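Number of protein chains: 2
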Amino acid sequence: MVSEKHGDAINLSHHLSDIARARQTSPLKGLAKYLGNPGLISLAGGMPNPAYFPFASVSGEALVPDSYPLNVTTESSSTSWFWKLFSSSGSKERTTPITIGKYPKKPEDVNLATALQYGMATGLPQLKEVLKEFVEKVYQPAYGNWTTLIHTGNTDGWAKAVLTLLNPGEGILCSEWTYPSALASALPFSVTPVPVAMDGQGMRSDALRKVLAEWDEEARGMPRPHVLYTVPVGQNPTGATMLAARKKEIYAVCVEYDIVIVEDDPYYFLQVGDYVPESERANQNDLSSASDDVFIAGLAPSYLKFDYQGRVIRLDTFSKTVAPGSRLGWYTCNPMFAERLERAAETSTQAPSGFSQTLVTSLLLEWKYDGYIRWLKGLRVQYKQRRDYFVDCLAEEFHLRKTVATQGYRAGATVLEASLKPKGIFVNYKEKDVLYSRIFSLVPPTAGMFVWLEMHFEEHPSFAELGYKKLENKLWIALAEAGVLFGPGQMFSATPVTNETEGNGHFRISFSFNDNSEMRKAVAIFGTVARKFFSSRV
Amino acid sequence: MVSEKHGDAINLSHHLSDIARARQTSPLKGLAKYLGNPGLISLAGGMPNPAYFPFASVSGEALVPDSYPLNVTTESSSTSWFWKLFSSSGSKERTTPITIGKYPKKPEDVNLATALQYGMATGLPQLKEVLKEFVEKVYQPAYGNWTTLIHTGNTDGWAKAVLTLLNPGEGILCSEWTYPSALASALPFSVTPVPVAMDGQGMRSDALRKVLAEWDEEARGMPRPHVLYTVPVGQNPTGATMLAARKKEIYAVCVEYDIVIVEDDPYYFLQVGDYVPESERANQNDLSSASDDVFIAGLAPSYLKFDYQGRVIRLDTFSKTVAPGSRLGWYTCNPMFAERLERAAETSTQAPSGFSQTLVTSLLLEWKYDGYIRWLKGLRVQYKQRRDYFVDCLAEEFHLRKTVATQGYRAGATVLEASLKPKGIFVNYKEKDVLYSRIFSLVPPTAGMFVWLEMHFEEHPSFAELGYKKLENKLWIALAEAGVLFGPGQMFSATPVTNETEGNGHFRISFSFNDNSEMRKAVAIFGTVARKFFSSRV
Chain A
97 MVSEKHGDAI NLSHHLSDIA RARQTSPLKG LAKYLGNPGL ISLAGGMPNP AYFPFASVSG
157 EALVPDSYPL NVTTESSSTS WFWKLFSSSG SKERTTPITI GKYPKKPEDV NLATALQYGM
217 ATGLPQLKEV LKEFVEKVYQ PAYGNWTTLI HTGNTDGWAK AVLTLLNPGE GILCSEWTYP
277 SALASALPFS VTPVPVAMDG QGMRSDALRK VLAEWDEEAR GMPRPHVLYT VPVGQNPTGA
337 TMLAARKKEI YAVCVEYDIV IVEDDPYYFL QVGDYVPESE RANQNDLSSA SDDVFIAGLA
397 PSYLKFDYQG RVIRLDTFSK TVAPGSRLGW YTCNPMFAER LERAAETSTQ APSGFSQTLV
457 TSLLLEWKYD GYIRWLKGLR VQYKQRRDYF VDCLAEEFHL RKTVATQGYR AGATVLEASL
517 KPKGIFVNYK EKDVLYSRIF SLVPPTAGMF VWLEMHFEEH PSFAELGYKK LENKLWIALA
577 EAGVLFGPGQ MFSATPVTNE TEGNGHFRIS FSFNDNSEMR KAVAIFGTVA RKFFSSRV
Chain B
97 MVSEKHGDAI NLSHHLSDIA RARQTSPLKG LAKYLGNPGL ISLAGGMPNP AYFPFASVSG
157 EALVPDSYPL NVTTESSSTS WFWKLFSSSG SKERTTPITI GKYPKKPEDV NLATALQYGM
217 ATGLPQLKEV LKEFVEKVYQ PAYGNWTTLI HTGNTDGWAK AVLTLLNPGE GILCSEWTYP
277 SALASALPFS VTPVPVAMDG QGMRSDALRK VLAEWDEEAR GMPRPHVLYT VPVGQNPTGA
337 TMLAARKKEI YAVCVEYDIV IVEDDPYYFL QVGDYVPESE RANQNDLSSA SDDVFIAGLA
397 PSYLKFDYQG RVIRLDTFSK TVAPGSRLGW YTCNPMFAER LERAAETSTQ APSGFSQTLV
457 TSLLLEWKYD GYIRWLKGLR VQYKQRRDYF VDCLAEEFHL RKTVATQGYR AGATVLEASL
517 KPKGIFVNYK EKDVLYSRIF SLVPPTAGMF VWLEMHFEEH PSFAELGYKK LENKLWIALA
577 EAGVLFGPGQ MFSATPVTNE TEGNGHFRIS FSFNDNSEMR KAVAIFGTVA RKFFSSRV
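As they're listed, the protein sequences go chains A and B.
Just so you know, we're using the numbering used here here: the first sequence kicks off at 97 and counts up by one.
Just so you know, we're using the numbering used here here: the second sequence kicks off at 97 and counts up by one.
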């Protein structure tokens, strides 16, 4: 396969939508041969003189890369109440100042005169360099002429990919449970989801092949899909992470049926390993303290690593590794797709914010590649502790029993089944019936920000009349009224949950934001509300 | 008209495109009643804890509002070479530090924990407050329930408006010369321009009425347009500015034919008054030194001021008043359009960059309304000096003769017709023929960033064979090879310039960016190249 590894992308221009084909080539292309002339005076653009930018400089107090420890601590300093108290007075966080002046002192300096000016939608060249090194070292694409293009975050990155790849009336292959905002970006353009069954690793390759092999254009009312959307790591909402072997299988199916894969991978660096109960956690081997190469090799590989044909559009974002408000991310894909996506940016968002670009680029240049990897290792430990703490809270509030799922969307995964614990010495008469039945179950996620609870409403006394959907709604409201908001599960179904007694009841719970004390309190409220909810007809 | 002035927007929902109708209502709406609960623990979102944002604070050295003088100086300090030299060492610009901490000290403080987090597409509440005050005081909308919504700059603002208002196969009313990027945002969606004739104030109201009254759906191949795109101040490319009376006339036609007006107004504060030759300029009355109220009353009003029905979507941007790289601007429109545009943002760009939002908002809060108006007055003087300087350079290089256009797209405007000046004592034999014929003409713009030259290629010895388009291309290349880039005129035609001998030859020249010395040099090169170009067959 060596020749494939070093080859360039194959021609995939037949995947472009009518809209993408209709996008004009950049008028700047015609000027390119003159723009290189050093003495050139350009009066062609509509650019304000940078003297009129009302910032002489912009600075940031950047956290040092090793702000978060690599060893697991009992209480994460970041999540305790006193963190906020101290950090607001500046005495807690270790920082390095970074400053971006208006004009460069050396030609290669990041500077506001360039970054805050109109420019190419490709953004700052310094950022492109940083991303090139990062993609090369971390994702290791399998073909030669891959490129990167910055965008304003994965939501917009995906929205532009939809318009670039899909015509109205076409479908997108996606997991049966999927990120609803991704579908919401496509639906108004008459592009609808084509759900594929999942197991504990996410989308099943056999199910994908079956959907494609048996595709009946007339019965389905649309041509066989040619685009696959996937969140392969810490899948939103189920938390499933797809390992190398499955990705290779899916990639092979996509080669066979000529499918373009859009890999939306915001949680890539939140791969936190298996959940181990608190009592067994003491001597846990942690990937984060490994060398950079071992650390990276230990992460589930990107589809890029198997993409010898250039049929993957990977979406990366700084939302989870820097901050969502950066509104900054990037595509890695073949140059033909990148060129069409750049045209789409020119006539809508243009380049992402220059303030974001300068601050994030300067941060990465200050940290360097090694420092950024160190930061990501530290984040990983934080999310591991958060995941562990939240599941520990569930284990304390509920009785958890370990099983392995043999079928359904969690097949192959270790499942924890939860039942109520007896409360006090005397068991309440009404509670007795539900005490030993499972009321929910979960797969402790190995990546991402979410725990996905499957609610076993079939154990509820009102199930026969109300079914899953109504019971999910009622419990969601009861929890909200008691002071806890979960994500309603039916939002995440690729097809509308309409049948009142089939389907599932689910909640998506985020462990990424709240303090430990809030998570503990939320689980306690969940316990109290669930106990009451499952004890009587509603 | 008092009742209309204080009424709310009329129902315009029939203008929504199929795409806009298909956008889902926000899932957050259902949560709203619970989100107000102060003790609520939300585990519903997918938000990282702000402790993981690697900036403890972000700062900027903000220029003081009176950085630029209100009196016209002979040499603008901003455009001289020593400005850059001094400002890079920080000794020239007067600045105030602004700092945004991660956590607020007072609840109302702008802070990174909020601004860099996922949030509503409506952005920072502090920014919304600032914009509300600004729109109320400056644009004075004529109806009651107008609202604002931030966007990532007017290019994206317009692109979202296209998808919100127009179905494939529909047309947009626009000026015969127009901003090509605006058309490029619409064309891929099969939305095409419907040009309307202009005069010296921009779009003609009688021409607009005629287009609409005589609309023949079959002959035109599309329904009568229901959307009008306009750059009413410092029109791009012609520089025309539309005054109150014309705007009222056009608004009345739009009421009669039920048209939505999209007012793209980036140059609003670059209204610089009439060009007065250098010799007569000494005691020129300058609006900039007037009181704020008089200054604002002296600017051409926005369409909002006449919009008693709420059928205007106004696009404002910080690109020209702060910096293009802010990628930040806002809509002012009725709440129904704003709601659909917000849904469009949720599934694509989300809120604009939090770095941009915090820095621009903090700047405006530091400056306050009065300070921002002072800044805008100072900018106005800078652009006036730039416009004056550039036209002065033309007057020095060429012989300019003042006339008034009586027909065509400049009708009613004062036109300067340029011919070559004799060079040296002996006139070159070849030059003689062209010495006293006009080779180009211009209307000195009263707003914006551009001078629009009409080239009189009909005076060229090769005109009969080559026509306007080819001569424009040839002169553009000759100029580029001599070291000056102008904007090629044919880019700005609403309909393709195809006929080789009809049409016009034009260049768009920006005076917004370059130093005086560069502008002078560029005009000298233009003179040399034009002298040679018009003297012989090409």
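Keep in mind that the hints were calculated from the coordinates and are not lab data.
Where hints are given, some of them may not hold.
Chain B is faced by these chain A residues, among others (derived, beta-carbon under 7 Å) [as the list claims (entries may be wrong)]: (1) Q120; (2) P193; (3) E376; (4) M545.
As the structure is a prediction and not an experimental result, all values here were calculated from the model.
Beta carbons: idealized from backbone N, C-alpha and C, even for Gly.
The hints, checked one at a time:
Interface hint status for A/Q120: upheld, as the beta-carbon distance to the closest one in chain B is roughly 5 Å, under 7 Å. Interface restraint check: A/P193 against chain B, minimum CB-CB distance 9 Å, threshold 7 Å, status violated. Contact between A/E376 and chain B, as hinted, is not supported at the beta carbon level, the nearest pair being about 26 Å apart and thus beyond 7 Å. The interface hint given for A/M545 is met, as the beta carbon of that residue sits about 5 Å from the closest beta carbon of chain B, less than 7 Å.
Checked against the numbered hints given earlier, this structure breaks hints 2 and 3; the rest are met.
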